[in-house]
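J.: Read off the chains here:
Number of protein chains: 2
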Amino acid sequence: MENKKPLSIIKIGGNIIDNPTELSQFLSDFSMIKGNKILVHGGGKSATKMAQSIGLTLQMIDGRRITDKPMLDVVVMIYAGEINKNIVAQLQANNTNAMGFTGADGNLIQSTNRNHPTIDYGFVGDVKKVNTALLETLINNGIVPVFCAITHDKKGQLLNTNADTIASELAIAASEVFDVTLNYCFEKAGVLADVDDENSIIQQINTALYAKLKEEGAIHSGMIPKLDNCFNSLSKGVKKIQIGHHRMLKNSNAICTSIEL
Amino acid sequence: MENKKPLSIIKIGGNIIDNPTELSQFLSDFSMIKGNKILVHGGGKSATKMAQSIGLTLQMIDGRRITDKPMLDVVVMIYAGEINKNIVAQLQANNTNAMGFTGADGNLIQSTNRNHPTIDYGFVGDVKKVNTALLETLINNGIVPVFCAITHDKKGQLLNTNADTIASELAIAASEVFDVTLNYCFEKAGVLADVDDENSIIQQINTALYAKLKEEGAIHSGMIPKLDNCFNSLSKGVKKIQIGHHRMLKNSNAICTSIEL
Chain Z
1 MENKKPLSII KIGGNIIDNP TELSQFLSDF SMIKGNKILV HGGGKSATKM AQSIGLTLQM
61 IDGRRITDKP MLDVVVMIYA GEINKNIVAQ LQANNTNAMG FTGADGNLIQ STNRNHPTID
121 YGFVGDVKKV NTALLETLIN NGIVPVFCAI THDKKGQLLN TNADTIASEL AIAASEVFDV
181 TLNYCFEKAG VLADVDDENS IIQQINTALY AKLKEEGAIH SGMIPKLDNC FNSLSKGVKK
241 IQIGHHRMLK NSNAICTSIE L
Chain R
1 MENKKPLSII KIGGNIIDNP TELSQFLSDF SMIKGNKILV HGGGKSATKM AQSIGLTLQM
61 IDGRRITDKP MLDVVVMIYA GEINKNIVAQ LQANNTNAMG FTGADGNLIQ STNRNHPTID
121 YGFVGDVKKV NTALLETLIN NGIVPVFCAI THDKKGQLLN TNADTIASEL AIAASEVFDV
181 TLNYCFEKAG VLADVDDENS IIQQINTALY AKLKEEGAIH SGMIPKLDNC FNSLSKGVKK
241 IQIGHHRMLK NSNAICTSIE L
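Taken in order, these protein sequences are the chains called Z and R.
Residues in the first sequence are numbered from 1 upward in steps of one, following the numbering used here.
Residues in the second sequence are numbered from 1 upward in steps of one, following the numbering used here.
Fair warning: there could be bad hints in the mix.
Said to hold, decoys possible - Quick list of the computed label-pair ranges, beta carbon to beta carbon: (1) Asn113(Z) x Met32(R): 24 to 30 angstroms; (2) Gly35(Z) x Asn94(R): 33 to 39 angstroms; (3) Leu56(R) x Gln204(Z): 48 to 54 angstroms; (4) Thr57(R) x Asp18(Z): 24 to 30 angstroms.
In short, the hints are calculated from the structure, not lab data.
A virtual CB, placed ideally from N, CA and C, is assigned to each residue, including glycine.
Construct the entire structure; sequences and hints are all you get.
T.: As structure tokens, this is what we get:
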């Protein structure tokens, strides 16, 4: 069995993106991570703010946002334009050779428009395939890919796509050729055993403990799809997943939640 | 002397971008061009429309647009987000493996903030250097780069940059490794000898004829910097420059203006 090269995939969300000081600190820390790496970023609040400032009404069905055509235009502008390109420029200033992508670029992530039996989510994509060969070529040429949460259907349509899903699908696909560690950064230090106690970080979760925590109700509703997603990724070849505050990337002794099968 | 591979660089402007039918036809024609190619696109009217819809006032000094911070945010969103990513998605639908870039991506085009003795243009960049090695690697891997008119200063700042200049600077830099033909597409069939006569296309301009036409006043003010730029590019290694309607790309017998030294 050949030795695969390591690859770190790091996903950041709105809590970092919406705070310029935090984002700048994170990008500096990210630049210090040695070896092959990919950044995936979510959207933050600026798409909602932009939508409001041009008079769009946010469409919600069953608490889920619907991406109609005007909203798709806004998320493409903000995610692929404003946020992605400012992150790339800041990483370049930190001597990281970042390149910003949607899934349409190089056909890196192709998706299909979600076909739900009862809800029309609009221009939302579910990931279908990753162009692993091109991703590997880019990484082998010293490029640090930076993905925003936009994909395409290869028929000319851009699609709004969940950033956590993009991170996990990239991780699964890249596992063919790399030893992948997937890091989800959020505002807390890790998954909490008690949602009211910031110090109750569960440092390791495996399949058995996860079943037990779900049964006990210790892991709350919003965390379940996230963790299901993690175990799915691990079962498909991802080596290791960490969930926590982005300081875990800088300090390997920082407490976070490690997930394994 | 080794044989260089041919490379076509095509620049399109607002007249194509603002017309969805025209853009779609152009992108289909562009996809049919054989061999290595790069697309450079300008902005069109949507940045101005977006600026107005969020209540920005366009700043003009001596008839030139000033790119203040709010306007920079808008052009980044529109050029690098909306326009660039929709072009890339449409090219992918045409089986062209397009990848959309600002100059910040892969540090492909680094510029310096314009330092004018009397006018503060704001966040406007003058191209300083092109990352030719990475551009060549991308092209050799079958990628069709699509550049919008945004660059960066390598210190974290994105900069608004003239699309014609980006096209010519890319052409000059790429001439190190490719035989470059640079095509400027605009609404007319070529450079007119008589601005009121659409049939007065000058089919060939060389240095001597250019001097004569300027002296006679046949070439009007707006065309002078464009042609100066062309002769500069040719003197720096670009093989051939064509100016005309984009149908010249599809039909090699279509009348256009060819420029040579």
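J.: Each hint needs a verdict: does it hold in this structure or not?
T.: Outcome of the hint check:
{"no.": "1", "hint": "Asn113(Z) x Met32(R): 24 to 30 angstroms", "result": "holds, 27 angstroms"}
{"no.": "2", "hint": "Gly35(Z) x Asn94(R): 33 to 39 angstroms", "result": "holds, 36 angstroms"}
{"no.": "3", "hint": "Leu56(R) x Gln204(Z): 48 to 54 angstroms", "result": "holds, 51 angstroms"}
{"no.": "4", "hint": "Thr57(R) x Asp18(Z): 24 to 30 angstroms", "result": "holds, 27 angstroms"}
The earlier numbered hints are all upheld by this structure, with none contradicted.
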